[in-house]
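S.K.: Next come the chains, spelled out residue by residue.
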Amino acid sequence: MILEIDGLNFRYPDAPKKAVDSFSLQVPESEIVVLAGASGCGKSTLLRAINGLIPHMYAGDYSGDVRVGGSSVKASSMRELAQRVGFLFQNPENQIFMFTVERDIAFGLENLGVPRQEMRRRVDEAIGLLGIGSLAQRAPYELSDGQKQRVALAGVLAMRPKLIILDEPTSLLDPKTALDFVDLVANLRKDVGATFLIVEHRLDLLVKVADRMVVMSSGRKVLDGSPSEVLMGDEADGFGVSIPAVSRVQKLLAKDGLAGVDRLYDAEEVAAIRQRERR
Amino acid sequence: MIEFRDVAYVHPTGVRALDGVTLGIRGGETVAIVGENGAGKTTLVKHATGLLKPTSGTVTVDGVDTRDTSTAALSRKIGVAFQNPDHQLFSESVEEEVAFALRNFGFSRELVEGRVSWGLELFGLAEYRRSSPLILSGGEKKRLTLACILAWDPAVVILDEPTVGQDALQKEKLGETIRMLSSTGKTVVVVSHDIEFLWPLQPRVVVMKAGRVVADGPAKSVMMMGQALDSARVAEPHLVTLYRALAQRPDSPFVGPHEARAWIEGGSAPH
Ligand SMILES: Nc1ncnc2c1ncn2[C@@H]1O[C@H](COP(=O)(O)OP(=O)(O)OP(=O)(O)O)[C@@H](O)[C@H]1O
Ligand SMILES: Nc1ncnc2c1ncn2[C@@H]1O[C@H](COP(=O)(O)OP(=O)(O)OP(=O)(O)O)[C@@H](O)[C@H]1O
Ligand SMILES: [Mg+2]
Ligand SMILES: [Mg+2]
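If you're matching them up, the sequences are chains W and R in order. Numbered by this note's numbering, the letters in the first sequence go through residues 1 to 279 in order. Numbered by this note's numbering, the letters in the second sequence go through residues 1001 to 1271 in order.
Simulated from the structure, these hints should not be mistaken for lab results. Some hints here could point you the wrong way.
Stated by the list, open to error - Here are the computed lysine-lysine pairs in the PhoX-like style, where the Cα-Cα straight-line distance is at most 25 Å: (1) W:Lys176 to R:Lys1220; (2) W:Lys251 to R:Lys1209; (3) R:Lys1173 to W:Lys251.
Stated by the list, open to error - Chain R regions said to be covered by chain W (calculated; three or more residues, Cβ under 8 Å): (4) 1106-1117; (5) 1167-1175.
To be verified - One side only, chain W facing chain R, incomplete, derived with CB under 8 Å: (6) Asn9; (7) Tyr12; (8) Gly146; (9) Asp256; (10) Leu258.
Glycine included, each C-beta is placed from N, C-alpha and C at the ideal position.
The whole structure should be built from the sequences, with the hints applied where relevant.
M.R.: Spelled out as structure tokens, the structure:
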């Protein structure tokens, strides 16, 4: 297991209730896990407890344990964690601050003392993967918000962490770039065996590549299964999970006995049901 | 209501963010602006509020050139929720955040109180009334900026990526709110990459690319443009894809899943 969360509880100072409540999760290597749930249910807080911001930078009541690659997060330094866990903030402005895009992407590598040549190679590769070559010499704070998100993503990928946790990575990406990003996630898993835990509300994009969906509500884990189990089940709606439009149609057809629920159909398959019915 | 005439904007750094935009937004319209990252959508929005002035061309609001008026005067008419909520939140408490502009506009104490409660209730933030905006989650911050704008009841509401951080229920509520605003005659402009959110609203859709408007029309025609959408890096809605995949199909694409179900299960072929 690359990530193990055991009975984690966290309450922010003075908060009336826990933001994360008795949460446990085991993620094996190379899995792509999507974490969904209502706004304010504790998703970003859980991610902070994996990259070490909690408990190292945030005060609060903490109990339980989080281990990355076998070592406990609370016993590891932020520096060690930075090498092991790649983290994308929900707001990209929280992680871009250098004078040029290129320097920004290199920042984490410089900190780790990666040799110059290797650094050059990784920065160029990340720039290529996110399609931001034309922005390389520009100042990150003079970019559009979606461009900033792409720079922040490039910075995370350049570090080549084994575990990559992303907080709404497609929220500011244009629709085609968001689709390219989903392919990128699938390729990184295939080529280097990276593990992903991705918080996302736009599930229509990610369901194609995700192995597993975990749903949170009021700090607790309430659903955990394959994307089809979660999205075709009766409970997802109540937890604020966005069921993709084609899956909604599939669900309606399933109620009338015309479609299965064992996997998610694409548009062609749903359309084929009409052809079948008319015969 | 808002007229952009051949508007170009060049940043001090030399980046040409708008390159000849001509666009008229009429009172009462619901308009979606879509297009690739860096296309100029946010820059365009900043011109509507007078925050940026065109390098060439003109922007007028109700016939008045934005160069001849103050952003304060414009902001009474046009409320904008910007893409990044962190740039918009600065008060000590959530309720103060909403009340601030209202008091500035000279609303009475009772009206301020009523509007604040209404806004916080609408966006599910009532329990955070006395909390600092800084401790809110990403989606909660975004909703707080929406509550602030709607509370002062401007004639034009511009929302830059309002669905960021919003779950399905919040998006549904936001969609309802947009419908409610438009039914009361407000002008609503939504900048968004979330095509699945926009589609059921059936807005007028303006597609931008490299600082220009490359398509403009009702959702049902613009979202069917295929190739032209692709080149602006916009994906068509999933229900349009489903509609295309059907060998025989109704005259226009499905707006909601129930329409699609009805057609698949019973709609007769058009011949
Ligand atoms: N402060 C700035 N200084 C210089 N250039 C900028 C600045 N802000 C934006 N730009 C550039 O202006 C162009 C238009 O940016 P804008 O923010 O309007 O895009 P957008 O369509 O809103 O994109 P997104 O979908 O990513 O939000 C881009 O090329 C961007 O890099
Ligand atoms: N620094 C903080 N101090 C106190 N409370 C906080 C802090 N950050 C978040 N909270 C609260 O903890 C709860 C969980 O917040 P979190 O940011 O984890 O939610 P989320 O699931 O990521 O939501 P969203 O989808 O809107 O980003 C919320 O009620 C929020 O108001
Ligand atoms: Mg969050
Ligand atoms: Mg923008």
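S.K.: Minimum Cβ distance from W:Leu258 to chain R below 8 Å?
M.R.: holds (7 Å)
S.K.: If you take the shortest Cβ to Cβ gap from W:Tyr12 to chain R, is it below 8 Å?
M.R.: holds (7 Å)
S.K.: Hint check: is the beta carbon of W:Asp256 less than 8 Å from a beta carbon of chain R?
M.R.: Given a least distance of 6 Å, the restraint on W:Asp256 holds.
S.K.: Given W:Asn9 was flagged as interface, is its beta-carbon under 8 Å from a beta-carbon of chain R?
M.R.: violated (18 Å)
S.K.: Using C-beta distances, would you say chain W covers the segment 1106-1117 of chain R, given that this needs three or more residues below 8 Å?
M.R.: That given contact is violated, which follows from only 0 residues of the segment 1106-1117 of chain R lying within Cβ reach (below 8 Å) of chain W.
S.K.: Going straight from one Cα to the other, do R:Lys1173 and W:Lys251 come out at no more than 25 Å?
M.R.: holds (22 Å)
S.K.: Verify the coverage statement for the segment 1167-1175 of chain R against chain W, using a C-beta to C-beta distance below 8 Å and requiring 3 or more qualifying residues.
M.R.: Check passed, 5 qualifying residues.
S.K.: Using 8 Å as the Cβ threshold, decide whether W:Gly146 counts as touching chain R.
M.R.: holds (3 Å)
S.K.: Hint check: W:Lys176 vs R:Lys1220, CA-CA at most 25 Å. Holds or violated?
M.R.: holds (19 Å)
S.K.: Verify the proposed pairing of W:Lys251 with R:Lys1209, using a straight-line Cα cut of 25 Å.
M.R.: Given that 25 Å is the threshold and the Cα spacing comes to 36 Å, the pair is violated.
Checked against the numbered hints listed earlier, the structure breaks hints 2, 4 and 6; every other hint is satisfied.
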